[in-house]
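Respectively, the protein sequence lines represent chains A, B and C.
Numbering-wise, the first sequence is residues 1 to 251 according to this note's numbering.
Numbering-wise, the second sequence is residues 1 to 295 according to this note's numbering.
Numbering-wise, the third sequence is residues 1 to 332 according to this note's numbering.
Check each hint, because a few of them may be wrong.
Stated by the list, open to error - Footprint (simulated), chain C over chain B, 3 or more residues, beta carbon under 8 Å:
| hint | segment |
| --- | --- |
| 1 | 152–159 |
| 2 | 164–173 |
| 3 | 190–196 |
| 4 | 262–273 |
Stated by the list, open to error - Only part of the chain C face toward chain B is listed, based on derived beta-carbon distances under 10 Å:
| hint | residue |
| --- | --- |
| 5 | G117 |
| 6 | A118 |
| 7 | E129 |
| 8 | V135 |
| 9 | R139 |
| 10 | I259 |
| 11 | A267 |
| 12 | F294 |
Hints are computed from structural coordinates only; laboratory data are not their basis.
Note that the Cβ used here is the ideal one computed from N, Cα and C, for glycine as well.
This is what each chain is made of:
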Amino acid sequence: MPLLKLENVTKRFGGLVAVDDVSLEVKHGEIIAIVGPNGAGKTTLFNVINGVFLSDGGKITFEGKDITHLPAFKRAPLGIGRTFQIPRPFGSASVRENIAIGGMFGAHGHRMNVDASMEMADHYIDLIGLKGHSDKPAGGLTPTEKKLVEIARALAMKPKLLLMDEAMAGMNPKDIDHMVELIKQIRKTEKIAIVSMVEHIMRAVAGLAERVMVMHQGAKLVDEPTKEALSDPRVIEVYLGRPPEGSVADR
Amino acid sequence: MVFDQLMGNLIQGLILGGIYGMMTMGLSLIFGVLKVVNVGHGQFIMVGAFTALWMFNSLGANPVIAIPVAFLIGMLLGFLCYYSFVKRLLKGPELASLLATFSVGVILEETVKFIFGSEFRGYNWALGKIRIPFTVLPYTKLIAFSGSILIAVLLFLWFKKTRAGTALRSVVEDSEGARVCGVNVDWQYALSFSIGLGLTVASGVLLTMFIPVGINPNMGGQYTLKAFVIAVLGGLSSPYGAFFGGIVFGLIENGSYTLFALLPHVEPFALTRFLSFVILLVILLIRPTGLIRTR
Amino acid sequence: MKNPSTKYLPLAPVLAGYLFLFLVGENMEGKWQLIAMLAFYCALGQAFNLFMGMTGYVDFGYVAFLGVGTYGMAIAISRLSDKGLGLWLLVIGLLMAIGMATLLSLAVGAVALRLRGAYFAIATIGVNEGFRYLVEGARLWGGSEGIIFTAQLNEAFGREFANVLATYWADVALFVIAVFAAFLTLFYMRSKIGYALTALREDEDAAKVMGINVTKYKIIAFITSASLAGMIGAVAWALKLTYVFPPDVFEIHYTVEAIIIVLLGGAGTLLGPIVGGLIYGLSKYYLAVILPGFQLLIFAPIIIIIIVLFPEGTVGVLKKRIQGTFWAKIII
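Using the sequences and the accompanying hints, generate a full structural model.
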């Protein structure tokens with residue numbers, strides 16, 4: 001049974017079709033990269049999986065359970081975590097409190113009281129390397145630190161599936177490599193599947209994902225293992241904007 | 001007999017509704033453009049009422065002259081408020097702008113109370129009446145109604161035909177796009193805010209033409225609620241929806257008054273006020289974006 | 001940190017403050033009226049803070065809950081005074097006040113709490129007026145004339161004790177309510193409820209994605225805040241004045257004061273409403289000597305300044321300064 005299954009999911013905003021008849025499957029423990037230009041519908045797809053928007057058509061199943069019409073706050077404890085492109089930590093709360101909140105209402109929330117959540121938060125603070133910042137208000141952190149807190153907070157929810165939206169945007173190559181290592185470590189220790197959305201960071205895709213999915217104008221264009229995707233002319237076109245025929249690679 | 005009374009009241013309600021509509025246009029304009037709810041709305045109407053009162057009693061001026069004066073006062077207050085704090089609160093939490101506009105309302109009310117005292121006042125602009133089927137209409141009410149329609153039409157033309165109006169519409173549609181096209185978005189916001197307040201203060205004058213008594217510093221609050229009901233009826237962002245919403249509201253208010261007056265053991269006036277509140281909640285429950293589509 | 005005594009340490013300054021206030025009132029000649037007024041404002045601030053401070057939503061119709069609480073007590077006393085219930089009469093009155101406030105909050109909340117920010121404000125702005133006009137329009141509970149129950153209170157407790165009740169014990173009850181409100185606030189802040197409220201206040205959509213049922217927590221805060229207001233109305237207005245009159249108890253003026261107190265002191269903090277209540281109450285009292293009726297005109301622009309420059313209020317600014325020190329554990 002796949003972890004997450006989307007069947008013919010569609011989302012419209014007025015006349016605009018943001019997500020167009022998308023079907024995909026994510027298996028337990030997989031790492032997938034979704035690539036595509038701005039406006040391809042990637043964030044909307046995440047929002048639909050999360051429950052921020054309810055889909056207009058199609059079916060979403062998580063671990064066999066139909067979650068198509070479930071509100072967002074009910075999907076989270078089932079095991080779906082999410083980070084946002086521009087980090088949205090709870091600014092006036094401390095780093096520890098932010099991460100603890102993830103624990104309190106996440107998949108294990110029902111058996112975690114406030115103190116247990118705080119302990120769990122400390123564990124994740126170590127993991128992301130922000131020890132010493134535990135009591136700082138999250139609003140005062142640097143963008144990269146905020147991203148790390150986002151991830152830790154999502155992990156504290158003990159998700160089985162983590163949706164990461166442009167986690168590496170705006171980072172220099174060294175930070176990207178760190179993040180790639182962090183994600184790999186997370187996958188190993190937490191045993192979760194990660195769907196990562198990246199716009200154009202080849203490093204991340206190549207080093208991380210087992211499968212690549214390309215989206216274009218709301219629809220799924222390509223869905224294949226990374227090795228094939230890297231030399232697939234359609235994928236290259238998305239990244240470099242060159243037509244597949246008569247390309248430089250041919251000469 | 002009841003039918004006659006009902007029809008008479010409905011016609012009066014229609015006329016009053018036009019003024020209610022005009023009274024709400026400013027609120028909808030400000031929300032449509034800046035996404036700010038002016039919680040002090042009623043107090044601006046009160047300022048207009050006092051403008052008319054003072055100009056009539058102290059200067060002997062015809063209330064019609066008070067209309068543009070009131071509009072200017074509103075615009076001045078608008079620019080003052082926008083540049084001193086509203087501008088800064090646009091990007092913040094909603095709570096901030098709600099509380100700020102609410103506080104402005106309190107300041108206006110207390111200031112007017114300080115200058116004029118709390119007593120109920122009025123003025124007497126008697127022009128005679130005209131007989132129409134079912135009821136009698138004082139000329140003053142007719143003038144107020146025509147004034148409301150005229151202003152609404154002028155606003156419509158301004159939006160559609162002038163460069164300034166078009167620039168404003170572009171900002172509502174797509175502020176980033178407008179910015180790229182060279183539109184000074186900040187100025188448009190200031191302008192909309194000020195025009196919105198200008199309309200609101202001017203409507204206070206028209207209101208007193210309709211009801212020239214009971215003018216006091218505390219009168220604003222009831223009109224804030226009415227304006228909200230009307231705005232929500234007509235779709236909170238649309239000034240034209242607000243106008244039609246006003247007419248609908250005027251009809252409901254007067255119609256319900258007639259009906260309540262038939263019931264024993266009730267106070268019809270108070271129940272009508274309660275009804276407007278219930279209408280507000282019902283609309284918010286079923287369709288917060290408004291019952292009237294004016295797109 | 002896991003020690004329960006440190007968890008409730010922040011109550012120390014609260015209790016100390018109220019105790020000090022009470023002792024001043026008891027021992028200084030002629031100051032009891034002032035102290036009672038301060039206690040009222042602090043209690044009002046704390047009750048209001050539980051909703052506005054912790055959720056970030058403004059309920060412009062808040063005074064309605066004080067109003068129905070007043071009616072709850074008034075109805076109990078005026079109808080049951082001849083049943084020989086002794087002090088249980090007051091308990092019943094208090095329970096009715098809480099019950100009525102809770103019912104009203106459920107009715108209003110059912111509509112208003114589904115709405116976001118601005119729409120919520122619009123929904124609530126007419127609640128106090130609306131309810132007042134319902135009472136007057138349908139001639140409920142005395143209609144526009146209200147209820148006067150001085151005689152019934154005398155009947156139930158004898159003239160002398162009734163007088164002591166109204167002039168002393170009603171105010172003492174306010175202190176008790178204020179302390180209770182502080183305790184509730186801290187309890188929420190330290191529990192999942194408080195963290196859920198913080199999350200939804202900061203970013204409601206992100207909170208939902210974290211698994212927080214925002215509507216449920218908004219309702220909890222709303223009902224708690226409303227019930228406390230009902231209690232305050234029951235003692236500070238009904239018991240103290242022995243009459244209830246619709247235009248008085250549904251007057252928006254009190255909501256304005258509550259907003260000022262919470263913002264001035266620091267929305268969402270424990271000590272904020274107390275600090276705000278003291279500043280506002282003292283200013284109003286002493287201003288009344290030189291410039292009676294002016295306090296709103298002075299405070300309204302202050303509110304705008306606070307919103308623009310110091311949105312976190314007095315205690316909020318203080319908290320930033322003492323961050324990382326020992327005091328940060330006590331002043332929250």
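Restraint check, 10 Å cut-off on beta carbons, for C/I259 near chain B: 7 Å, holds
Minimum beta-carbon distance criterion (10 Å), C/F294 to chain B: At about 8 Å, which falls below the 10 Å cut-off, the nearest Cβ of chain B leaves the hint on C/F294 intact, so it holds.
Closest C-beta approach of C/R139 to chain B relative to 10 Å, hint status: Holds. Min distance 6 Å.
Per-stretch coverage check for the segment 164–173 of chain B, three Cβ contacts closer than 8 Å to chain C: Coverage by chain C is violated for the segment 164–173 of chain B (0 residues, Cβ < 8 Å).
Chain B contact restraint on C/V135 - CB to CB distance below 10 Å: C/V135 check passes; min Cβ-Cβ to chain B is 8 Å, inside 10 Å.
Given coverage of the segment 190–196 of chain B by chain C, checked by CB-CB distance under 8 Å (3 or more): Three-residue rule not met by the segment 190–196 of chain B, so violated; n is 0.
Assertion that chain C covers the segment 262–273 of chain B - criterion: three or more residues, beta-carbon distance below 8 Å: With 9 residues close enough to chain C, the hint holds.
Proposed interface contact between C/E129 and chain B, which counts if any beta carbon pair is under 10 Å: Holds, because the Cβ-Cβ distance from C/E129 to chain B comes to roughly 6 Å (cut-off 10 Å).
Status of the hint placing C/G117 at chain B (closest C-beta pair under 10 Å): 4 Å, holds
Assertion that chain C covers the segment 152–159 of chain B - criterion: three or more residues, beta-carbon distance below 8 Å: Three-residue rule not met by the segment 152–159 of chain B, so violated; n is 0.
Per-residue hint verdict: C/A267, partner chain B, C-beta under 10 Å: 9 Å, holds
Restraint outcome when C/A118 is required to lie within 10 Å of chain B by C-beta distance: Holds, about 4 Å.
When the structure is compared with the earlier hints, violations turn up for hints 1, 2, 3 and for no others.
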